[in-house]
Amino acid sequence: MLVLTRKLGESIAIDDHIKIVVVQIKGKQVRLGIKAPKETKIHREEVYKAIQDQNTEASEADLTDIQNLTEELNK
Amino acid sequence: MILTATIVGRVVYPFFRRKSVKINTTRFGILEVEKKDIITFKDGILGFENLKRFFVVDPGDQTLILWLQSTEDKAVAFPIIEPKIFDPNYTVKLLPAELSSIALDNLHDACIYTILTIPKQVTEMSANLKAPVVINNKTKIARQIVLQDNKLEVRRLMYADLKKYIVNYSSDDSKRTRTKIEAIEIETEYSEATVTFDEPATLNTNEVEA
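Just so you know, the protein sequences line up as chains A and B, in that order. Quick note: the first sequence uses the numbering used here, first residue 1, plus one each step. Quick note: the second sequence uses the numbering used here, first residue 1, plus one each step.
The hints are simulated quantities; they were obtained by calculation from the structure and are not laboratory data. Treat the hints with care, since some could be wrong.
Listed next, the stretches of chain A that the computed footprint assigns to chain B, with coverage defined by at least 3 CB atoms under 8 Å from CB atoms of chain B [claimed, not checked]:
id	segment
1	30–41
2	47–61
3	64–75
List of simulated lysine-lysine pairs, BS3-like, C-alpha gap at most 30 Å [what the hints assert, rightly or not]:
id	chain 1	residue 1	chain 2	residue 2
4	B	Lys-84	A	Lys-49
5	A	Lys-41	B	Lys-138
6	B	Lys-19	B	Lys-52
7	A	Lys-41	B	Lys-180
8	B	Lys-93	A	Lys-38
9	B	Lys-42	A	Lys-38
10	B	Lys-120	B	Lys-74
11	B	Lys-52	B	Lys-22
12	A	Lys-41	A	Lys-7
13	B	Lys-52	A	Lys-38
14	A	Lys-38	B	Lys-151
15	B	Lys-42	A	Lys-41
16	A	Lys-41	B	Lys-84
17	A	Lys-75	B	Lys-120
In this text, a Cβ means the ideal position worked out from N, Cα and C, and glycines have one as well.
Just chain A, same shape as in the assembly (with noise of 0.2 Å):
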């Protein structure tokens, strides 16, 4: 992995069309401006565990457990 400093301001320019900007160090927080071409998709990491999780969750449900939502709906 590539490790650069920078101070609060500067910036980071990824290719030709993605700049990264430190806009605000807070205590333990960085807050950072990103300036992209709107085709580029940005996501907090956590965004894909969340997602990696509930696929795991969603995988492991069984037939046991639709009879179960079957018998709710009737309700």
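Model the placement of chain B on the given structure of chain A, informed by the hints.
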């Protein structure tokens, strides 16, 4: 050498002729699946990146829930549902790169499903609106696409809405409409979105200050 012999001798292995394959599944037993119905997820599904091939199983129960069954791991199947059923306003907005990743030229060729989590307390079931499964019905190429819209929930509670739908429409399949899908137009000029990451680990907040 073997191949040559096969062609000369006009012996065709049954495998090459068969239009369907038998797939063993944990939940549904052995299913015969037409080869043309097998869907390819080039990137797999998030958390299941090694599984590339799936097919849709319709158990025909009244819950309207279908299953996305892996052909490669008999135990892996995801309950899925058309989001339109419980959220008529849900719209999937796709970027040009996402459309081309599943070779989708015509939006009408797409099928949209959301993956469901069904816990023991079934009234707490939820649907992942943030990352729907988009299937190109023509090419059978599909992807779980993480949408940029930060208001979309990974776990949207939808039991009450599903129940309402089933009570109203259970006997009438024609009421099932398609989920809206839109292509995002990218302006030719350089455009930019500014996204700030500040608060720790809160999902679904609106962080785009475009």
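Here is what the structure says about each hint:
no. : hint                 : verdict
1   : 30–41                : holds (count 11)
2   : 47–61                : holds (count 13)
3   : 64–75                : holds (count 7)
4   : B:Lys-84 x A:Lys-49  : 25 Å, holds
5   : A:Lys-41 x B:Lys-138 : 26 Å, holds
6   : B:Lys-19 x B:Lys-52  : 20 Å, holds
7   : A:Lys-41 x B:Lys-180 : 21 Å, holds
8   : B:Lys-93 x A:Lys-38  : 13 Å, holds
9   : B:Lys-42 x A:Lys-38  : 24 Å, holds
10  : B:Lys-120 x B:Lys-74 : 22 Å, holds
11  : B:Lys-52 x B:Lys-22  : 17 Å, holds
12  : A:Lys-41 x A:Lys-7   : 25 Å, holds
13  : B:Lys-52 x A:Lys-38  : 29 Å, holds
14  : A:Lys-38 x B:Lys-151 : 17 Å, holds
15  : B:Lys-42 x A:Lys-41  : 19 Å, holds
16  : A:Lys-41 x B:Lys-84  : 25 Å, holds
17  : A:Lys-75 x B:Lys-120 : 16 Å, holds
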